[in-house]
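Chains as they are written, first to last, in the numbering used here: chain C, 1 to 343; chain V, 1 to 343; chain R, 1 to 343.
Hints in this document: simulated from the structure, not taken from any laboratory. Keep in mind that a hint or two might mislead.
It does not matter which identical chain is meant; a pair holds if it fits inside one copy or across any two.
Subject to a maximum C-alpha distance of 25 Å in a straight line, what follows is the list of computed PhoX-like cross-link-like pairs (lysine-lysine) [to be verified]: (1) 76 with 45; (2) 296 with 320; (3) 314 with 330; (4) 330 with 320; (5) 334 with 320; (6) 262 with 296; (7) 76 with 330; (8) 334 with 314; (9) 314 with 45; (10) 45 with 334; (11) 296 with 314; (12) 338 with 45; (13) 262 with 320; (14) 296 with 45; (15) 320 with 190; (16) 76 with 193; (17) 193 with 262.
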Amino acid sequence: MGLTLAQLASHLGCEFDGDASCLISGVATLVDATSGDLSFLVSSKYRADLAATQASVVVMADQNRRAYAGNVLIAKDPYLTYARAAQLFYPERRHEGGVHPAAVVDPTAQIDAAAWVDALCVIGPEVVVGANAQIGAGCILDRDITIGRDCRLLANVTIHGHASLGERCVIQPGVVIGSDGFGYANDQGKWVKIPQVGGVILGDDVEVGANTTIDRGALSDTIIGNGVILDNQVQIAHNVHIGEQTAIAGCTGVAGSTHIGKRCAIGGHVGIVGHLTIADGVHVSAKTFVSQSIDKAGFYSSGTPIELNARWRKNFVRMKQLDEMARRIKTLEKMVHKLSNDV
Amino acid sequence: MGLTLAQLASHLGCEFDGDASCLISGVATLVDATSGDLSFLVSSKYRADLAATQASVVVMADQNRRAYAGNVLIAKDPYLTYARAAQLFYPERRHEGGVHPAAVVDPTAQIDAAAWVDALCVIGPEVVVGANAQIGAGCILDRDITIGRDCRLLANVTIHGHASLGERCVIQPGVVIGSDGFGYANDQGKWVKIPQVGGVILGDDVEVGANTTIDRGALSDTIIGNGVILDNQVQIAHNVHIGEQTAIAGCTGVAGSTHIGKRCAIGGHVGIVGHLTIADGVHVSAKTFVSQSIDKAGFYSSGTPIELNARWRKNFVRMKQLDEMARRIKTLEKMVHKLSNDV
Amino acid sequence: MGLTLAQLASHLGCEFDGDASCLISGVATLVDATSGDLSFLVSSKYRADLAATQASVVVMADQNRRAYAGNVLIAKDPYLTYARAAQLFYPERRHEGGVHPAAVVDPTAQIDAAAWVDALCVIGPEVVVGANAQIGAGCILDRDITIGRDCRLLANVTIHGHASLGERCVIQPGVVIGSDGFGYANDQGKWVKIPQVGGVILGDDVEVGANTTIDRGALSDTIIGNGVILDNQVQIAHNVHIGEQTAIAGCTGVAGSTHIGKRCAIGGHVGIVGHLTIADGVHVSAKTFVSQSIDKAGFYSSGTPIELNARWRKNFVRMKQLDEMARRIKTLEKMVHKLSNDV
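Kindly generate the complete structure, drawing on both the sequences and the hints.
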């Protein structure tokens, strides 16, 4: 698909500067762009790339337009405008409605005529698949699952636990939704499984990254709010609630019954213990250990700095002596103050 | 299924207090329970919920019974009794014996007549599936795999590496058992793969969470003891041994050849390095780095506290100065003692 | 397959000492070896096992040969020689060329006549599978994917995103290659998905562990160099570059656009933030948080020591006081120096 610069500016609601009839048909980085590509400048550290770019148009903020002689789209938020342009040039591939002959569909499943079920899917009893939903190859929807309209399950997604997905959710390959939570009682040293009978509810516009897992609730439901985005290999335990538009980066784990607020941004490889409450608007940096509830928006961190191993070993040993060091400082302070008075 | 309170008490081996004929047919939290539900009180912090609950009966310890006017089941361990009650009301769904016509089964596989193999499974040569085992949709059992009686593989489980599962194991979706261990020699800067020819042995009553991976041994076997419970996204490397009834929470990784004792409880996001020995009865808190063997039962931890990022940055910088700080304290101590003597 | 000791020595390019006609047909540890097995001594801590081994031949360095009366293969690097011997005795199982009747193959896919596509695979449009490649059961190759000759995809592997694999790659079960990267712009508090249109390029001889995920690039490609080995549950984000022969252990995550050099060794459970550059030859110990670029080869670490929880709690509290402690030490130093001058 190609658009003239003038058409594109109109679609994106931007001003432009340059050749209105210039044809744009794709998106690329400043470095990789060739004729026909739109590119974007989001940080001044890419100014050198700007000078050399072959892009047909560059999206940038108003204050940068004088730095560039080529065609320009002016945007308040160039990154957002680039996202909108990319959505225009690379629309999601959608298959027309139907069921692949090599899918296995239970007669009680209700598949909308405009939904697509690809090869080697298993669609179990009482599953409901909404209009225009795309169920990719190898997906398994166990039983009593609801998939909202316009959802896309890419491939090899497994859904159990009476899960319900809202509209327009995107589920990457290898995701498991509705697996049993890690719930056991102990009987004289032996684990006794607690049946996990709650469900999983995903709101609208939820995106779930590859090989991420979301457990069903033990009794009540695990709840993922509208617009939540989860990266790859995230683990969401039973009865977790995640508020609207919260983002969680890769390899992060959230233990059972923790409630995370709206519009939070949780970095990668973060561990959040169970039964906590995290307020709206909390940002947590990568690899932090969230060991307590956070009742106020803000940016939080934990962790130790990377060093050459030889130096780290010396500091590492001292971490076990911190309490003792603090006591010795206190003793020194007392002695020195006494000495100061004596002298 | 419904039971009277008297029948339920008899099944669970509990005393009860209240209306013997009251019908119970499900389990719910104190807050969500409605008529017909059993609920439970495990911590005094839920006393407020107890007052308002609509549950038909509440399981609680003897010392709490006077706090509640409704029907009561008296239990030494209310959580365990709740687990047993939930097992009663929510028995596992089991399919009658047979093989789905859309499964692919090698003629040399031995599937017990009372086992169920669901759609789009691949059962390879010399695989043995025991009585009443349930192989969910999309599972792949490569070759020479043994699945004990009453096992349940939920869906999309992949088993390679001559693995053997005991009886009553439960394997959640996306699990990989018997993948190659991470074993390579180095030849002048190039990695040379070491064939992984050991197996994996899971005992009886092992539970494995969604997308968890368990590698086959390099030469001898990877061994998971009876009653071990592994949460989601746990990684067990080659030749690891895990003792009976040990529990490992989500996202934890255990490196090669480490032996973990019996009845250990390892938190989530823990990293355990290779070739260690962990004693029986060791508890490790979430996100701990287990960098050395542990020869004695106890509760172990590592990690740093979460803080506002601005404060953390200040302390973070100091972590690189710990050894220097310790030396400066020592120097000060010498000087101060000398001064004290001099004055 | 059996070889005489003389034949084996010739194959491996080693000297031997002992019975030239002794038959060897397998590999085992010193402890488990029985007659017919080759074993190996790589560390002096296994000397006790050497004395008792039933192995028919032991690979060892020249300086150890006098310690053992049995048959010996002399190797500069006994571990490497063991790897080569194991490859000899346990060649990879390869299926003859063809497509299983229960695979679903698009008519535009090009499968080499000498490649094997197993049951319940889905091979999409314009996929190319090279000679002798082995596509295991349940693999899904979406569209426009290239699999080089001699690659092995074990089972349940999902490949999207126009990925291209070089020759002889080994992909363990549950791996996802070419999933969408975690790319979103924010529009007044709502996430807007950025279409991920880059690809993934794996070089030759790349090995990818079970349930590892590798995202496609946002615009340009994610690139994994020749001979890279990735363990289980590793997460590689969009636009990461990994240099040749680098090894990454289990559960490690690499955030977007980070470039890792050649011949690096990254431990397990390491978190590497985005947009960093890591030099060639960098080693990072397990569970380290790589929060900044590393411009020089060396061994790097971060993290805190494991302790009994009761002691750890005391030190843990002090970590929040480090900056204050450092300031108090400085104040003490000033006071003590003043006192020393005064006395």
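Comparing the hints with the structure gives:
no. : hint         : verdict
1   : 76 with 45   : within (18 Å within a copy, 50 Å between copies)
2   : 296 with 320 : between (31 Å within a copy, 19 Å between copies)
3   : 314 with 330 : both (23 Å within a copy, 15 Å between copies)
4   : 330 with 320 : both (18 Å within a copy, 16 Å between copies)
5   : 334 with 320 : both (24 Å within a copy, 22 Å between copies)
6   : 262 with 296 : within (12 Å within a copy, 41 Å between copies)
7   : 76 with 330  : neither (54 Å within a copy, 48 Å between copies)
8   : 334 with 314 : between (28 Å within a copy, 21 Å between copies)
9   : 314 with 45  : neither (37 Å within a copy, 27 Å between copies)
10  : 45 with 334  : neither (52 Å within a copy, 43 Å between copies)
11  : 296 with 314 : between (36 Å within a copy, 21 Å between copies)
12  : 338 with 45  : neither (56 Å within a copy, 49 Å between copies)
13  : 262 with 320 : neither (38 Å within a copy, 28 Å between copies)
14  : 296 with 45  : between (33 Å within a copy, 23 Å between copies)
15  : 320 with 190 : neither (35 Å within a copy, 39 Å between copies)
16  : 76 with 193  : between (54 Å within a copy, 18 Å between copies)
17  : 193 with 262 : between (33 Å within a copy, 18 Å between copies)
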